[in-house]
Structure formats: C-alpha cells, structure tokens
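Asker: Residue-level listing of the chains:
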Amino acid sequence: MAELGAACIRFALLIAIAGFGVAIHAGLSRRPDWTRVAERSVLVVAVSVAIAIATLFTAFATGDFRLSYVAAHSALSMATPYRLAALWGGQAGSLLLWLFILCMYSSACVLANREKNRGLMAWVVAVLLANALFFLVLLTFVTDPFETFPPERAMSDGAGLNPLLQHPVMMIHPLMLYTGLVGFAVPFAFAFAALISGQLGSTWFQTTRRWTLFPWLFLSIGIMLGGRWAYEVLGWGGYWAWDPVENASFMPWLPATAYLHSVMIQEKRDMLKTWNLLLIGLTYTLCLFGTFLTRSGIVQSVHAFAQTPIFTSVFLGYVAFTAIAFLTALLARRRGLRSPQRLESVVSREAGFLLNNWVFIAILMVVFTGTLFPVFSESIGERTVLGPKYFQMLAGPLALVLLLLTGVGPLIAWRRATAASLRRQFRWPAVATLATAAGVVALVRSQLTPYALGAWSLGGFVTATIVHAIRSRVRHGETPLQALFALWRKSQQRYGGYIVHLGAVLVLMGATGSVLNEERLENVKPGAEIRMHNLRFDYLTANALPAQHYGGAVARLALYRDDQPLAVMTPEKRMYWLEQQPASIPSVYSTLQEDVYVVLTAIEKDGSATFKIYRNPLVNWIWIGGAVFVFGTLLVMWPHPTRSPARRA
Amino acid sequence: MSKGVQVAGGATIVALLLAWYALANLETGASFSYYKSLAEFQAAQQTETGKPVRVHGYVSLGSIERDVAAREVRFTVQNAPPHKASADAGPAMPVIFASLETPDLFKDGAEVVLEGRLRGGSPPAFVADKLLAKCPSKFEGQGPATADGGARG
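Those sequence lines, one after another, are chains P and A.
Counting along the first sequence from 1, when you hit position 336 you're at 336 in this note's numbering, and nothing is skipped either side.
Residues are numbered in this note's numbering as their position in the second sequence, beginning at 1, plus a constant of 1000.
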C-alpha cells in the first residue's frame, strides 16, 4: 500500500511538470487546444493525489505501522475517527492534505470554467499547477509521508496522537482551516493570470469574488472552531491567546476581508484595481506563510524542535518567490490598471471603504510584527517576545474604528454625502448609541474600561444602523420577515452583508465581555465550599476515572446560584498512558449571561483538591455571533435565480 | 487641496497617533519578555538579582514539592534535559512558584520557561510568578495543540 501512495505522488509530480509546461506553451501561443490538454493534466494530478491520500487514510485505518508517519501519529488504542484524523496530526500528512485540497479546488476551477474565461485559463492552470508542483516536490524530496521503516525495525503499535488533539472539534478544525487557506489559490491564480495575459477587464474579478467568498467562509469557521477547541480542551479559561499558530490563521483573513469590501468599489466605481490585486496577492502569500509558520516552528523558541533547515529554506524561498513574481507582474502592468475615476469626497462610501481597508491592513501589520517579533529581535540582538497585551493594546482600538465604520459605511452615500442625508441616516442610530452607552454604564459600573464602553456602545450603534436600514425599506402591509426576504432576494450581497456584520458585532461584543472576567484559585477538602459573589460551589468528592486509554480523577462540585442548585460540575484531570501526557478537561456551566468554568488543577497529597474557577461573562455570544456570521455569508453566497449559470449559458 | 492629499494627510495623522500610543505603552515594558537559558542567567547572576527575567531550563527529576499550606510549589531546574545522560546539566537552581496552579505539562523533566526574579540570600532562589511548560518526550513543532499548550501553560 505504501508503495502505491508513493508511486502516485511521483506520477502526479511528472504529470504536473508536463502540464505546467503545456500550460505555459498554451498561454504564450494562445492555443485553445493546448489549454484543454493542460486542464486535463490538472484532473489527472488530482485523481493521482486523491489515490495517494486515500492510501494514507487506509494505512491509518488499518494501523500499518511500517509507515513511520503512521507509527509516529497514531496507535491501536485510538478510536477509528481519531486514527483517520491523525493524518493531519503531523507535518508530512498535513502537507499532503494541503495538496489534496489544492487539487480539488484546481479541478473545480477547471470544470467550472469550461466555457468561461477561456483567454485566462491557460495561465490560471499554470499558476495552480506551479503551486501543486511545489507541494509535490516537498512531499517527494523533503518530507515523505510514505517513508517506511526497514523490516527489522517494524513496530507493532504506534506512538499515538497528542491527546489534546483527540477531540471532535480537532477532526474538522484543520479541514475547515485548510479549505479556507488553500482556497485563496484560485483567486490568486486568476489575478496572476490577468496580470500575465494583460486581460485586466472586469470579467476575472467577478469570477474571483465568488471564489474568494467561499474559502473566506471556511477560514472564518476554522478560526472560530480553533477558539472553541482551545476553550473546551486547553483549560486556561480563554479561547484566543494571540499565539503564533492562531495568528497564522488570522493574518490571511484580514486582507481577504479587506478585499471583499474594496472589490465593491471596483464593481461600482471602477477604482482601486491595483490595490485589489495587491490584496489578493497578499492574502495568498500570507496563507502560504501561515502554513509555513505552523509547520516549521520558527517562532516559538521553546517549541523549536522540528526546525529542519531544508524545510525552512525551501518553504521560505517558495513564499518569497510567489510574492516577488506576483509583485513583478503587478508592476509591469501598472499602466493598464490606472483608474479614470477619482475619489470625489472624503465623506462618501468609497472613502469609508478605503478607511476600512487601511484599518484591516493596520491590524495585519500589528499582528505580523507581534508574531514575528521574536525572529526580528533575535536578528538584531536579544530574542524578545511580545505578549497578548501588545496585541490587545493595538488591535483593540483598531477594532473600535472598524466597528464604527461597520455602522457608517453601508449607510453613507456613494461619491459624496450631503449633510442632510447624514442627519436623516444617523439621527436615530446616534440616539441608540447613547442609550446603549447609558445602559452599559448603569449595568456594569466599576469594572468598565473605556475600551469596553466603546465596544458595546458601538455595537449598539451598528445594530441600530442595520435595523434602521431595513426598517426604512419595509413597505406598507408587509410583515418584517416578508420584507426581509424580499429585500434579501433583491440584493443578497447587501442584506446578507448586514447579517454578517451583525454576527461580527456579536462576536466582538462577546469577546469584550472578557474585561469582566474573574478567576480564583482555591484549595479545598471534600465537604468544603467555595463562594464567589452569588455563586457557591460545594466540593463533594473526587473519584478515579474508569480505566481506559487514559486514567486520572474526576471531581464533583455542586454549583448553586443564590442557593438555587444549578448543576453538578465534573472537571477531570487525565493522564494519557501511552503518550505520558496529562490533560485537565474543564467543566463548563454555560448560559447566555456568563460561563462558569472549573478546572481541576490537582488532587493534592493531603486529600484536598485545587480548583481554578473562572467566570467568563458573555462568552456564549462569540459562538452565537459566529453562527450568525456564517449564516449571513451563506445568504450572500446563495445562488440567485437571475444570476444562475444555467441562464447565462 | 486635492482629495488625495486630504486622505493621505488623515491617514498620516492616524498612523502617527497609533505609533505614539504604541510607543508610550510599550515603554512601560509590560509587553516585553526576555528569554535566557539557565546557563546564561547563572553566568550573569550577580547583575541579575532582583530584575524581572524569563529563564529557560528543565525540571530536575524528583524535585517537585507541592506545599498546599504555603500555597506554593518548589522545584529545581537544570540546564539540560535530565533523561539525556550525556548532556551537561550544570548546577541546579531552586525555584519557588508562588501558586498551586501548575500547567498540565509541568512534571519531572519538563522543559520550562520561568518568569520572575532572583531573590538574593543563601542559597539564592528564583521566585517565579509565571510558569510555562513543554512536554520533552516527543514534539514535532507543528500541531496547534502542542504549541498552545506551551504558550498558555
């Protein structure tokens, strides 16, 4: 089996090389027949890679420990779903997954454009195959997932997967994230193809917008699932720590989001072409760079075990090459990209969108600098790390500006807004903002920070502008739901976009709840109680966990609010035998108002237990907001009857 | 004045304000942390007493003592992983961690980063306010879990 997988990768490598050459030839000679040949080679590569990844899945399912990769990342004691998910538990497998998803996107792109964008497709295929080629080379020569042990060193069982990764969310989180990151290859290929071929008209970016929305949705889901997993598994009471690995997935999301906004200016006013191309290039480069960050261990000094110099130099070289090639093409075409339009007023929707773009890029620069600061600082002197405080301090105020723009942008007029229209649009949202602010001050009082007051008031502002925008368009005799549906049918982009904004506002307002977080470390004997304001925890007992592939203890605490019984909380302290790794699994009592989050830190020798207790207000709104966000994006993407491809054809 | 100049001017002002805000806050030193290996730290011990630092080392085998009454954990760190016989472990340094909240991965032989300061006296001890731990046995430097576990302790 292992031989089949390795053979498929090598075969795909050969076909990709040939296909790449054919695509270049087709592009230069403008021969449609050669373009078809190149497109077919994409499909052949995809099938071949699909067989390879199926082989590796089979090896994991059957426990073929002759493969060193399978032996290093799975064990017989693991449940089958986790054994399959172990495929992306390590470097070689996750790169194979990257390649597989890239091949799926490339095939979908080829199949969807059989009749469209014919002049571009040769170059699109060339760019997509060049990317596939890189990963094929990596998998063949640098990090081979099908490497086998010599027969005398064959193993009867594997080393197992990091137990923290053995969680339902972790089975889908990497898939979502990769479906997001890799998907930006298609818009990138279109942008690059437009630059190479000089066909800078409007067709390519309409294609690109849809191909951007899809991976953007999955990247958003992936990021949120990552936070959810951290919250449920890592037991530190939080969901986002500005860790380099998290930042790596967040960085491409920023220019992608900026692009989705600024592309609307290009649609409506034919401006910002160069800027939009730059954003696409930046997004994809950051996707590659993020993959490199998480797969190389370059930023975490404590974690820098697997830094193989070959992998680092090859991958970095590839990222740099991609960025430089794209920029060169962009510079060469800069004349053709000039727009006849000019910004007419700084009080206009264009200006609002531009500002929105700058804020996204500013946040990107903050995150990028902070993430790579250890590397930068080491090259000029002492290795220095910037903590979460740095990120919060800079990204927080920028997020407030973004929130303000979220409210202002969709309501302000294109070209030039008049004072009268501003008054009409913003009078009652302004009242709503002040009312929210007053409500927040009355409810929260002492712990309120200026940032939190700003975030919640602006959240009220954005919500009010959205309600106002919809209400003012409800016709007489319509129920609100009918009206919403009709409006959405008329302009999916606009009204779906409002729902996306509403979701983002909920996420931000929920995250702002962290300023009211409280935590307590307590050591108690069985029978004793812990009080935290109106909450009471009775520590009942601790029991040994039933023997399985992990052991340990589970503590039971009765939770009361104002002496009303609410729940029995059961935090666990586990020890995974095979991996020799302990893990604290928190117990969470979750309501819309707040989460009560209990971690069993230790069972002490004297029979007492040490608990870490967190009260996290509003956390649930992050996940609710995430769901609203996804729903809104689906509303934007929903196939529209008047725009369906069947009709166009 | 053209619109372009207006926009560029506005952007410059915003950027300057942000930069000023960042510098003013970073100067307090709240966001900076320095890594030093235990050997480097011990070499400069005289000058380092009392200053806040981050030190990297390995927990000596069998040295962890949890003192529930005093609400602290005491252990010693050394320069090299204890399970590597060949490496030079160097002189161990006693550490007092003033909390019972130890991370999951904190155990014998674990790789740790301590945040705190050296307390003079005899023998001198390192008083840690923060303790980050990393499992030494097998790590590929790639899964988000492994990276997070260490960074968040």
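What the hints contain is simulated information worked out from the structure, not anything from laboratory work.
Cβ atoms here follow ideal geometry from the backbone N, Cα and C, with glycine treated the same way.
Do not rely on the hints blindly, as some may be mistaken.
In silico PhoX-like pairs for lysine-lysine, Cα to Cα no more than 20 Å straight-line [as the list claims (entries may be wrong)]: (1) Lys1051/A - Lys605/P; (2) Lys268/P - Lys605/P; (3) Lys1107/A - Lys389/P; (4) Lys1130/A - Lys1036/A; (5) Lys1107/A - Lys1130/A; (6) Lys605/P - Lys525/P.
Sample of chain P residues with no beta-carbon within 10 Å of chain A, all distances over it, derived [stated by the list, open to error]: (7) Ala18; (8) Val37; (9) Ile51; (10) Pro340; (11) Leu411; (12) Phe426; (13) Ser584; (14) Thr610.
Residues of chain P clear of chain A, computed beta-carbon distances all greater than 12 Å [what the hints assert, rightly or not]: (15) Leu316; (16) Gly496; (17) Gly527; (18) Val599.
Asker: Does each hint hold? Answer for all of them.
Answerer: Hint-by-hint comparison with the structure:
1. Lys1051/A - Lys605/P: Violated. Lys1051/A to Lys605/P sits at ~34 Å, over the 20 Å cutoff.
2. Lys268/P - Lys605/P: Distance ~70 Å between Lys268/P and Lys605/P Cα, so the pair is violated.
3. Lys1107/A - Lys389/P: Roughly 28 Å between the alpha carbons, so the hint for Lys1107/A and Lys389/P is violated.
4. Lys1130/A - Lys1036/A: Between Lys1130/A and Lys1036/A the Cα gap is close to 15 Å, so the pair holds against 20 Å.
5. Lys1107/A - Lys1130/A: 15 Å, holds
6. Lys605/P - Lys525/P: With Cα atoms ~11 Å apart, Lys605/P and Lys525/P stay inside 20 Å; holds.
7. Ala18: 32 Å, holds
8. Val37: 38 Å, holds
9. Ile51: Since the minimum Cβ distance to chain A is about 25 Å, Ile51/P lies beyond 10 Å and the statement holds.
10. Pro340: 15 Å, holds
11. Leu411: 20 Å, holds
12. Phe426: Its Cβ never comes within 10 Å of chain A, the nearest being 20 Å, so this holds.
13. Ser584: Label violated. Min Cβ-Cβ 5 Å, cutoff 10 Å.
14. Thr610: 5 Å, violated
15. Leu316: 15 Å, holds
16. Gly496: Correct as stated: the minimum Cβ-Cβ distance to chain A is 29 Å, above 12 Å.
17. Gly527: The claim holds: Gly527/P sits with its nearest Cβ about 16 Å from chain A, beyond 12 Å.
18. Val599: It is violated; Val599/P is separated from chain A by about 9 Å at its closest Cβ, not greater than 12 Å.
Consistency with the previously given hints fails for numbers 1, 2, 3, 13, 14, 18, ordered from lowest to highest.
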